[in-house]
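Asks: Please construct the entire structure, taking both the sequences and the accompanying hints into account.
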Amino acid sequence: MINNAVQPEVIMQCRGISKTFETRRGPIQILKDVSFNVRRGQITVISGRTGTGKSTLLGLLGGLDKPSTGEIWLDDQRIDNLSTARWSSIRRKKISILFQNFNLLPSWTAGENVEATMLHTGINRQQRNEKISALLAEFGLRERMEHLPCELSIGQQQMVALARAIVNEPAILLADEPSDDVDPQTAQELVNRLVLLGRNGTTIIVATHGNFPLDVADRCFLLEDGRIKACG
Amino acid sequence: MSDIWICAWRELRRRKARTAVSIIGYATAVAVAIVIGTMLSRSRQAADNILTSTGTHFIAFVPATYPPCPGCSIRRPESPDEGFTANGVVSAVFSTELVDKVRAFPSVKDASPYLLFRFKSRQDGHTFTVGGFDVNNTSAVGTTCCAATDIIKGRFMDANDRGSVMLEESYARGQNLTAGDKIRVANKQFNVVGVVNPGIRPAKADIYMPYPEALEVINVQLPYQPIFKEANVILVEVASSKLQEEAMRSVRALLGGMVISSYACYRPAASVMGINERAAWILTWLLAATVVLLAVKTEWSSVIERRREIGILKAMGWSNGNVIAQILAGSVVQALGGGLAGVLASIILIALLPAQKTAAGSSIYLVIIVPALIIAVLSGLVAGIIPAIGAARQRPADALRSL
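As given, the protein sequences belong to chains A and B, one line each in that order.
So that you can map any letter, position 93 of the first sequence is 93 in our numbering, and since no number is skipped, the others follow by simple counting.
Just add 1000 to the spot in the second sequence (first one is 1) and you have our numbering.
Lysine-lysine pairs mimicking DSBU-like chemistry, simulated, CA-CA at most 35 Å apart:
#1 94/A / 229/A
#2 1101/B / 1229/B
#3 1016/B / 131/A
#4 1188/B / 1229/B
#5 1101/B / 1204/B
#6 1120/B / 1153/B
#7 93/A / 1016/B
#8 1297/B / 66/A
#9 1182/B / 1120/B
Short, incomplete list of chain B residues facing chain A, as computed with Cβ under 8 Å:
#10 1003
#11 1007
#12 1309
#13 1313
#14 1315
#15 1317
#16 1318
#17 1319
#18 1320
#19 1395
#20 1396
#21 1397
#22 1400
To be clear, the hints were calculated from the coordinates, so they are not data collected in a lab.
Beta carbons are placed, not taken as given, at the ideal position from N, Cα and C, and that holds for glycine.
Replies: Structure follows, in structure tokens:
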């Protein structure tokens, strides 16, 4: 599973990350002193039971939230304390997120959902349409471009979400439970695509509670009681 | 930039019902504002036409006091029953140059010198007033003294008349005189060319004659202190009913002790107009404010509904500026669409109103339409900015956790 023969450079680092949520019943600490490295071009899997903070950790890595303590580094630059505007730029160009429940925009068509990450980037409409069309054709969804998410199957929705996540060719893809809600066939297709992306140089970080095959991962971590450790 | 408008248009199309409600709101406010503004404009012009003949004139005189005011003089004939009079009191005389000064005030349209003198008849001892006026003046004289439209018998005097007078109707009846008869004033005989009924004008007299002839007969009664280029009353026509107060103030300040006599009805007439107009504009602004508040509420509801969606977009890399711009663009498009629909509706409504043709004609529309559209667009910006900033500030993680 872990390829010790090749040691790519570290692209992302977490140093002592903690996250506490304030609730009506008092504070709840989800992550406790989480530290690990992610290497460029590798598939890194973070596994753990439901509620251990996997999605929270991915959210911190994607800048959707800020850690309560600790640091996050990307390409030798600390990013956990960046401004909202800088984070917007990073999410447009470097880091992309594949959500657990797809998070497709319900009133946008499949094509428009994929286009969402390309808007306000300076790419003209024609170029966008060509890229979206080609990508959805590759996923076998060319004919469903004008369909709303509610008119697609769960598997198709997941593929549209994946297309949206990779259309800008991000350096890092954060995938939260990517094969959780889909049928085994679609799940396998998804895994295959992620492996292909990894081979093409995209760094992939996957959060899973067990449905994602660990044998395709270059590195594996276990998140338990808010703490992280390497898989045995 | 075009991406903002593309996304805004898509959102409006997707939420047709909400978009329609917002546009209808804006359209209603703009249409009402334009219709009210147009009606007020027409009403104001119509009222001005009426007010022009209601209380836009007055007379000025100086009651005789001892010592007389600077610039005045008291001329008393031998008979105590005779003398210069105005409003039932003995009045002083002053130079007609004063009338030129009055005519020069910006609030005054016209002014004319007037002699009003009470005579006592040598035949039967009755007293009567003689009004000496400028026959060539039809403005100030016509509204305060007498006009050609007041003639009920005979004709009105003209500049060529010599040795002629007009009689006021009640005096003529009392003296059993009519047009064509002769009458003696002082030691001179006059032909009666017409009988007038000037109503309740402030410079009413029993006998009207041209100023030079009045001067002549009055000086018969003042052998030791004749008057020359003098008058005891100034007839004033004001430029506009709204300038009445200003004109009266200016004339009053010319001579100490100057008294003004006018119709008091100009005051309630002008104030009623002002009250109606003010109320209409207050209602219009209230309506506009209500529409903006409703639009804010609608946009805010829309943003709350789209909280998760906005969080997804921010997770995709949309900046706060992109979010704000899209929400504002949607709000402005609704406001502009509603504004244009309101303009169309107002044109139809105004065409259906009872025809009140005005000199301004179609220019009324342009004066009100452009500001109404600008205010609609600004309202859209105001309605959208608060929800937009609120949406942009939320953290993507919080938005994505929202149900």
